[in-house]
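Enquirer: This is what each chain is made of:
Protein chains: 2
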Amino acid sequence: MPGLLLGDEAPNFEADTTQGRIRFHDFLGDSWGILFSHPRDFTPVCTTELGRAAKLAPEFSKRNVKMIALSIDSVQDHLSWCKVTALGRPQGAACKPSQPWRDVCHIPKRGGAGIQSRNGEFSIFVERPTKCSVQEENNIFAVPPLAERDINAYNGDQPAEKLPFPIIADKNRELAVKLGMLDPDELDKDGMPLTARVVFVFGPDKKLKLSILYPATTGRNFDEILRVVDSLQLTAYKKVATPVDWKPGDSVMVVPTLPDEEAKKLFPKGVFTKELPSGKKYLRYTPQPE
Amino acid sequence: MPGLLLGDEAPNFEADTTQGRIRFHDFLGDSWGILFSHPRDFTPVCTTELGRAAKLAPEFSKRNVKMIALSIDSVQDHLSWCKVTALGRPQGAACKPSQPWRDVCHIPKRGGAGIQSRNGEFSIFVERPTKCSVQEENNIFAVPPLAERDINAYNGDQPAEKLPFPIIADKNRELAVKLGMLDPDELDKDGMPLTARVVFVFGPDKKLKLSILYPATTGRNFDEILRVVDSLQLTAYKKVATPVDWKPGDSVMVVPTLPDEEAKKLFPKGVFTKELPSGKKYLRYTPQPE
Numbered sequence: 001m002p003g004l005l006l007g008d009e010a011p012n013f014e015a016d017t018t019q020g021r022i023r024f025h026d027f028l029g030d031s032w033g034i035l036f037s038h039p040r041d042f043t044p045v046c047t048t049e050l051g052r053a054a055k056l057a058p059e060f061s062k063r064n065v066k067m068i069a070l071s072i073d074s075v076q077d078h079l080s081w082c083k084v085t086a087l088g089r090p091q092g093a094a095c096k097p098s099q100p101w102r103d104v105c106h107i108p109k110r111g112g113a114g115i116q117s118r119n120g121e122f123s124i125f126v127e128r129p130t131k132c133s134v135q136e137e138n139n140i141f142a143v144p145p146l147a148e149r150d151i152n153a154y155n156g157d158q159p160a161e162k163l164p165f166p167i168i169a170d171k172n173r174e175l176a177v178k179l180g181m182l183d184p185d186e187l188d189k190d191g192m193p194l195t196a197r198v199v200f201v202f203g204p205d206k207k208l209k210l211s212i213l214y215p216a217t218t219g220r221n222f223d224e225i226l227r228v229v230d231s232l233q234l235t236a237y238k239k240v241a242t243p244v245d246w247k248p249g250d251s252v253m254v255v256p257t258l259p260d261e262e263a264k265k266l267f268p269k270g271v272f273t274k275e276l277p278s279g280k281k282y283l284r285y286t287p288q289p290e
Numbered sequence: 001m002p003g004l005l006l007g008d009e010a011p012n013f014e015a016d017t018t019q020g021r022i023r024f025h026d027f028l029g030d031s032w033g034i035l036f037s038h039p040r041d042f043t044p045v046c047t048t049e050l051g052r053a054a055k056l057a058p059e060f061s062k063r064n065v066k067m068i069a070l071s072i073d074s075v076q077d078h079l080s081w082c083k084v085t086a087l088g089r090p091q092g093a094a095c096k097p098s099q100p101w102r103d104v105c106h107i108p109k110r111g112g113a114g115i116q117s118r119n120g121e122f123s124i125f126v127e128r129p130t131k132c133s134v135q136e137e138n139n140i141f142a143v144p145p146l147a148e149r150d151i152n153a154y155n156g157d158q159p160a161e162k163l164p165f166p167i168i169a170d171k172n173r174e175l176a177v178k179l180g181m182l183d184p185d186e187l188d189k190d191g192m193p194l195t196a197r198v199v200f201v202f203g204p205d206k207k208l209k210l211s212i213l214y215p216a217t218t219g220r221n222f223d224e225i226l227r228v229v230d231s232l233q234l235t236a237y238k239k240v241a242t243p244v245d246w247k248p249g250d251s252v253m254v255v256p257t258l259p260d261e262e263a264k265k266l267f268p269k270g271v272f273t274k275e276l277p278s279g280k281k282y283l284r285y286t287p288q289p290e
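Protein sequences appear in the order of chains A and B.
Here the first sequence is numbered in full-length UniProt numbering, starting from 1 and rising by one per residue.
Here the second sequence is numbered in full-length UniProt numbering, starting from 1 and rising by one per residue.
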């Protein structure tokens, strides 16, 4: 992939995300990982994609794959003015209940609440927990940002549900450039390219196992992403490869380097060799091993 | 993609292929193009992939997409000793009918035929056309190389049918390195990496529109490749984008830069806007335009 080739180690970048600041290797831990970029919040294809990704999060989790999205939006800014401080820790001046941020951040019309500014970032405090969509996290009540709420709504979920994965805010395009993620055909109002639809799959060794690079106008196929994750994980641990158009449960191919005798022992369900004009015996199938 | 980012122009390389020497830009002409690499001839997944690609060739052709494969095999060597010179132009010494090349190259047991050597390349001549699998091309009778015959046999076709696309012989890995196609986890007997399963899709402007990079052990999904070609071509000519998991015939998204009024005119089948918590009106669907 752009900037990253097969076998390259993931850069151990630091970044701000919708779930706080991360260092990428710490985020990955010993898991598999999928880093996927999208052009922009509040755009149509991205919303359908992140909605589908959110729906599939349990499938990725079951496979021990950590998900993290990325766009060049200032997710940090976006979040910062929606942060709600913890109960009993008012940090700013109260402001009128009619202010638009109450609606935007799902703050109830009544009750003490206010906006504070600190180091140029805005945050919101409330005086007591409410029945609204405020969720507690690290002693901070965080309200999902607007884009997240749109994604949930797209899925038919409660707008206030939390996305099951963080989104990296790559506002200055540092990661996008480093990882070759930009789409020169999609420009923002300043004429700067947006991020393309990239997928990087990393193994537990943090090395790149697979990537795809689609332009902004072509939404990805998340069934295909799950399919290749299944193939990567199966072939990482078994001496098999998956043929064209393989789906989980289909027969697989025995890797060419494995001698016939060993293959027979290793695959007790049987190895079936297809006859070929060359007379070579390399087209060896076996049912998918457990 | 490795070595190539979205919007990069395809390098105008020269290369030997199973259909002769090409210059890439001339090969592409004004068509769309798909360049796809595989690790090695005579290996299982590659055979299933090229078999499927051969079956789908009419679909790509219908979409004005030229196909060309690539591996680090010496396809040139492979072919050169299978070349059969034209009728009446014997260029070498006759040799015994029992020689193995007669079987390998589908030369009939009887009839004048011989092997010639010229500039270090071997070719085969026959004295008259035969009923065997020899095909005329540019006044040269060419017999498909072994790998091609295996691929056809895999498909259940006549072994002697010609693959509907050329395969580049990148013996010295020059293109593989330049285009970032190598898979460090798949080594040949000399410990050198093989080519991964890369797909580059180029537009008629010869610029990269999309790429995928799968390792040797994960066979590709050619339905997905056709799907994205359909998306790329639709979105290149219409002001739409295709949502996640889109398939031809499904509704598409109106691009965000198109004002509502213009969208209504441009898409007479109607534009449907989904309500979202943010209140923004960007999730606009329309039936796939003709």
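I should point out that these hints are in silico values taken from the structure, not numbers from a laboratory.
Fair warning: there could be bad hints in the mix.
A pair counts as met if it fits within one copy or between any two copies, since identical chains are not told apart.
As the list claims (entries may be wrong) - Each computed DSSO-like pair below joins lysine-lysine, with the alpha-carbon atoms no more than 27 Å apart:
| no. | residue 1 | residue 2 |
| --- | --- | --- |
| 1 | K247 | K55 |
| 2 | K171 | K206 |
| 3 | K247 | K171 |
| 4 | K264 | K206 |
| 5 | K62 | K171 |
| 6 | K207 | K189 |
| 7 | K265 | K171 |
| 8 | K238 | K269 |
| 9 | K280 | K62 |
| 10 | K178 | K207 |
| 11 | K171 | K66 |
| 12 | K264 | K280 |
| 13 | K269 | K55 |
| 14 | K178 | K206 |
| 15 | K274 | K55 |
| 16 | K281 | K178 |
| 17 | K239 | K189 |
| 18 | K55 | K280 |
| 19 | K264 | K207 |
| 20 | K189 | K281 |
| 21 | K162 | K239 |
| 22 | K274 | K206 |
| 23 | K280 | K207 |
Enquirer: Against the structure, test the hints numbered earlier, and report the numbers of the ones violated in rising order.
Expert: Of the numbered hints given earlier, those the structure breaks are 3, 4, 5, 7, 9, 13, 16, 19, 21, 22, 23, listed in rising order.
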